[in-house]
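Quick note, the sequences are listed as chains A and B, same order.
Counting the first sequence from 1 gives a position; the working numbering is that position plus 1.
Counting the second sequence from 1 gives a position; the working numbering is that position plus 74.
Calculated directly from the structure, the hints in this document are not laboratory data.
Please read all numbers here as calculations on a predicted model, not as lab measurements.
Mixed in with the good hints there might be a few duds.
Said to hold, decoys possible - Simulated crosslink set (DSSO-like; lysine-lysine; CA at most 27 Å straight-line):
| no. | chain 1 | residue 1 | chain 2 | residue 2 |
| --- | --- | --- | --- | --- |
| 1 | B | Lys187 | A | Lys380 |
| 2 | A | Lys250 | B | Lys187 |
| 3 | A | Lys301 | A | Lys382 |
| 4 | A | Lys140 | B | Lys104 |
| 5 | A | Lys71 | A | Lys33 |
| 6 | A | Lys371 | B | Lys104 |
| 7 | B | Lys104 | A | Lys150 |
| 8 | B | Lys104 | A | Lys199 |
| 9 | A | Lys150 | B | Lys219 |
| 10 | B | Lys219 | A | Lys137 |
| 11 | B | Lys219 | A | Lys250 |
| 12 | A | Lys137 | B | Lys104 |
| 13 | A | Lys71 | B | Lys92 |
| 14 | B | Lys102 | A | Lys140 |
| 15 | B | Lys219 | A | Lys192 |
| 16 | A | Lys99 | B | Lys228 |
| 17 | A | Lys137 | B | Lys154 |
| 18 | A | Lys137 | B | Lys92 |
| 19 | A | Lys99 | B | Lys219 |
| 20 | A | Lys199 | B | Lys102 |
| 21 | B | Lys154 | B | Lys200 |
| 22 | A | Lys140 | B | Lys219 |
| 23 | A | Lys280 | A | Lys436 |
| 24 | A | Lys49 | A | Lys71 |
| 25 | A | Lys150 | B | Lys200 |
| 26 | A | Lys150 | A | Lys137 |
| 27 | B | Lys92 | A | Lys371 |
| 28 | A | Lys276 | B | Lys228 |
| 29 | A | Lys71 | B | Lys104 |
Claimed, not checked - Among the chain B residues that face chain A by a calculated CB cut under 7 Å, a handful are:
| no. | residue |
| --- | --- |
| 30 | Ile138 |
| 31 | Tyr141 |
| 32 | Met169 |
| 33 | Gly172 |
| 34 | Gly206 |
| 35 | Glu218 |
| 36 | Glu227 |
| 37 | Lys228 |
| 38 | Ala231 |
| 39 | Lys239 |
| 40 | Val241 |
All C-beta atoms, glycine included, are put in the ideal place defined by N, C-alpha and C.
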Amino acid sequence: MSRKLLLENAHIEGINTYDVYRKNGGYRSVEKALKSMSPDDILEEVKKSGLRGRGGAGFPTGMKWSFLAKPDGVPRHLVCNADESEPGTFKDRYLMEKIPHLLIEGMIVSSFALGANQSYIYIRGEYMYVLQILEKAIKEAYDNGWLGKNIQGSGFDFDLAVTPGAGAYICGEETALIESLEGNRGNPRMKPPFPAVKGLWQRPTVVNNVETIAAVVPIVNDGGDEYAKIGIGRSTGTKLISASGNINKPGVYEIDLGLSVEEFIYGDDYCGGIKNGKKLKACVPGGSSVPILPHYLVCKTAEGNDRLMTYESLSEGGFETGSMLGSGGFIVYDEDQCIVRNTWNFARFYHHESCGQCSPCREGTGWMKKVLHNLEHGKGKQEDIDLLWDIQSKIEGNTICPLGDAAAWPVAAAIRHFREEFEWHVKEPSLSQEKNYGLVTEKQFETETA
Amino acid sequence: MEENNNIAFPQSLLDEVKRITDMFPEGKQKSALLRVLHLAQSHWGYLSVDIMDYVARLLHLQPIEVYEVATFYSMYDTEKVGKVKLEVCRTGPCMIEGAERIISYIENKLGIKDGETTEDGIFTLKSVECLGACGYAPMLQAGEKFHEHLTEEKVDALIEEYRKKPVANYMGLENE
């Protein structure tokens, strides 16, 4: 069974209220930080913890914080990215809904470490009821002296507010989020300058995911070394995984990084196996953007190693035979699911969500959606599969922000691993409307010695 | 510029606008725009040009600054919609769990297609992209409420309920 650093108290009745949260050890990290730590001490603990961004990219948090520019007289900001929109991901919503004060606590200590006196939580507009939960908790925190002027007599002034988006996946990209927070369309910015130098209102800004900020609380409480004891190698600590699809127990799980994928899918403490006794066909382990894995590469890597829930193991084999931990949006597909239909569904999503700034993404996602629609509906041609491959390869790496890559990768991986299923749709157009293809045959992968 | 002076928030909402703009530093009131547009849409049901012009005056913005935002984000309606929008998630995990079946069931039940509004003006059906409820699929959102683990029976019951009281709260406000 994995440890719980974030969700330990999530089941306690009334933990969303200040009194119950405080009684269960809440706001200890703020007391500790303000009384006995300097901002640099906190940064040091975060670096030691090995914490990596939990939104998807997995960039080391301590390093991201250390890039923050500190010009004299210019306010700095911490912005919490609560724009959770990656298909398959619903962990931040769970955390904010159950224990809103944990995020607020994390915002206070993190902002203290960064020297930010005014920070914001940007939450997707569809989570408006969660925004209200957060605002209620923020009010309680003000009323109890954890926010506002001279917090707990420390001399540290800190204001926190929460502000909504209005339906745009792209605003999960940090510069688009900043644009949106400034009241503009969510068009990503060209980088450099990075937000650490010129972010919100052209001021130095750190943007961190909800779960990342929450994880700073146990790191400050127990020390970075203690946090780093959990996990394997550069994958330290615990991770919230959102599990969905054809499994017995969908939901949010906090796991020790390093847990085996097999145990996560089949273990009774986690997903509890495939629903209705069916066979596993495929898995998207880190949100819709990451490469889909065929059944034989889910629990074992191409090298024959056990596949683990870590940044490194999930990406073992690169995009040829691996995937990514991403946001932890873990989607499981049984033998009755159609990969062509799923790929079309995702392509439609990315086309809908492209902001339209860059031609390869704006046009390419539309083309992929149309070609995949034809293939799925029995109107595809053999050359469409190569056309799809060609389009995705011309989007990847050619756009301002990573949405282009995110749109290209699922298509590339689906063709790479499930080409025979795509070809079957072309050869058997009417049959493919009636039934599903089933499992694909296991491929042998050559090592790159040739 | 011609102004439609009949459009104005009641005092309670003007107070709310003040609270929202106060969250941001002096001169950065544009940051309040998305939330104020949500308020306006909750209050009036959709964002007409007159309403967007009113929001522009309220926040000291050019009308174009409001239009370009209102047309970028998928939650804003610039055309009239039903009193209750049934927004069914259609993405990946929801599709696996039968979102398409739920969408056609609602289409048949209400006699409208995806994107249309019933003649009595109560319901609009809209398929939308991932709402972050993948583990509780299939689901739909009405106002700010998430209806999860949908079945045909659950859809029947919630449609019945909204027919009796066609109000879908958003931001704690009842639309007019």
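The hints, checked one at a time:
For the suggested pair B/Lys187 and A/Lys380, the alpha carbons sit about 24 Å apart, so the restraint of at most 27 Å is met. For the suggested pair A/Lys250 and B/Lys187, the alpha carbons sit about 33 Å apart, so the restraint of at most 27 Å is broken. Under the criterion of a C-alpha separation no larger than 27 Å, the hint pairing A/Lys301 with A/Lys382 is inconsistent with the structure, at around 34 Å. Taken as a hint, the A/Lys140 and B/Lys104 pair is honoured in the structure, with Cα atoms around 23 Å apart against an allowance of 27 Å.
The suggested pairing of A/Lys71 with A/Lys33 holds, with an alpha-carbon distance near 24 Å, which does not exceed 27 Å. This hinted pair does not check out: A/Lys371 and B/Lys104 have alpha carbons roughly 38 Å apart, beyond 27 Å. Taking the CA atoms of B/Lys104 and A/Lys150, the gap is about 25 Å. The hint holds against a cut of 27 Å. Using a Cα cut-off of 27 Å, the hinted pair B/Lys104 and A/Lys199 holds, with the two alpha carbons roughly 18 Å apart.
A distance of roughly 35 Å separates the Cα atoms of A/Lys150 and B/Lys219; the hinted pair therefore is violated under the 27 Å criterion. Distance check on the hinted pair: B/Lys219 and A/Lys137 sit about 18 Å apart at the alpha-carbon level, within 27 Å; holds. Between B/Lys219 and A/Lys250, the direct Cα distance comes to roughly 23 Å. Compliance with the 27 Å bound is thereby established for this hinted pair. Restraint check for A/Lys137 and B/Lys104: the C-alpha separation of about 24 Å stays at or below 27 Å, so the hint holds.
Simply put, A/Lys71 and B/Lys92 have alpha-carbon atoms about 31 Å apart, too far for the 27 Å limit, and the pair is violated. A hinted pair counts as satisfied when its Cα atoms are at most 27 Å apart, and B/Lys102 with A/Lys140 qualifies at roughly 22 Å. Pair hint B/Lys219 plus A/Lys192 does not hold up; C-alpha atoms about 38 Å apart against a cutoff of 27 Å. At roughly 25 Å between alpha-carbon atoms, A/Lys99 and B/Lys228 fall within 27 Å of each other, so this suggested pair holds.
Taken as a hint, the A/Lys137 and B/Lys154 pair is broken in the structure, with Cα atoms around 32 Å apart against an allowance of 27 Å. Our distance criterion of 27 Å between C-alpha atoms is met by A/Lys137 and B/Lys92, whose separation comes to about 18 Å. Of the pairs offered as hints, the one joining A/Lys99 and B/Lys219 holds, with about 16 Å between alpha carbons and a cut-off of 27 Å not exceeded. A hinted pair counts as satisfied when its Cα atoms are at most 27 Å apart, and A/Lys199 with B/Lys102 qualifies at roughly 16 Å.
Using a Cα cut-off of 27 Å, the hinted pair B/Lys154 and B/Lys200 holds, with the two alpha carbons roughly 13 Å apart. This hinted pair checks out: A/Lys140 and B/Lys219 have alpha carbons roughly 23 Å apart, not beyond 27 Å. For the given pair, A/Lys280 sits about 16 Å from A/Lys436 by alpha-carbon distance, which is consistent with the 27 Å threshold. The suggested pairing of A/Lys49 with A/Lys71 holds, with an alpha-carbon distance near 22 Å, which does not exceed 27 Å.
A threshold of 27 Å between alpha carbons decides the hint, and for A/Lys150 with B/Lys200 the separation of about 45 Å lies outside it, so the pair is violated. Using a Cα cut-off of 27 Å, the hinted pair A/Lys150 and A/Lys137 holds, with the two alpha carbons roughly 19 Å apart. Annotation: proposed proximity of B/Lys92 to A/Lys371 is violated, straight-line Cα distance about 46 Å (limit 27 Å). Using a Cα cut-off of 27 Å, the hinted pair A/Lys276 and B/Lys228 holds, with the two alpha carbons roughly 22 Å apart.
At roughly 25 Å between alpha-carbon atoms, A/Lys71 and B/Lys104 fall within 27 Å of each other, so this suggested pair holds. Restraint check, B/Ile138 versus chain A: the minimum CB separation of about 11 Å is more than 7 Å; hint violated. Interface restraint check: B/Tyr141 against chain A, minimum CB-CB distance 11 Å, threshold 7 Å, status violated. Residue-level restraint check for B/Met169 holds (minimum Cβ-Cβ distance to chain A is 5 Å; threshold 7 Å).
A least Cβ separation of about 11 Å between B/Gly172 and chain A goes past the 7 Å threshold, and the interface hint is therefore violated. The criterion of a C-beta within 7 Å of any C-beta in chain A is met by B/Gly206, whose closest approach is roughly 4 Å, and the hint holds. A least Cβ separation of about 4 Å between B/Glu218 and chain A falls short of the 7 Å threshold, and the interface hint therefore holds. Because the closest C-beta pair between B/Glu227 and chain A is about 20 Å apart, greater than 7 Å, the hint is violated.
The restraint placing B/Lys228 at the interface with chain A is violated, with a minimum CB-CB distance near 17 Å, outside the 7 Å limit. Hint status for B/Ala231: violated, given a least beta-carbon distance of 20 Å to chain A, over 7 Å. Checking B/Lys239 against chain A by beta carbon gives a least distance of about 18 Å; that is not within 7 Å, so the hint is violated. Contact between B/Val241 and chain A, as hinted, is not supported at the beta carbon level, the nearest pair being about 15 Å apart and thus beyond 7 Å.
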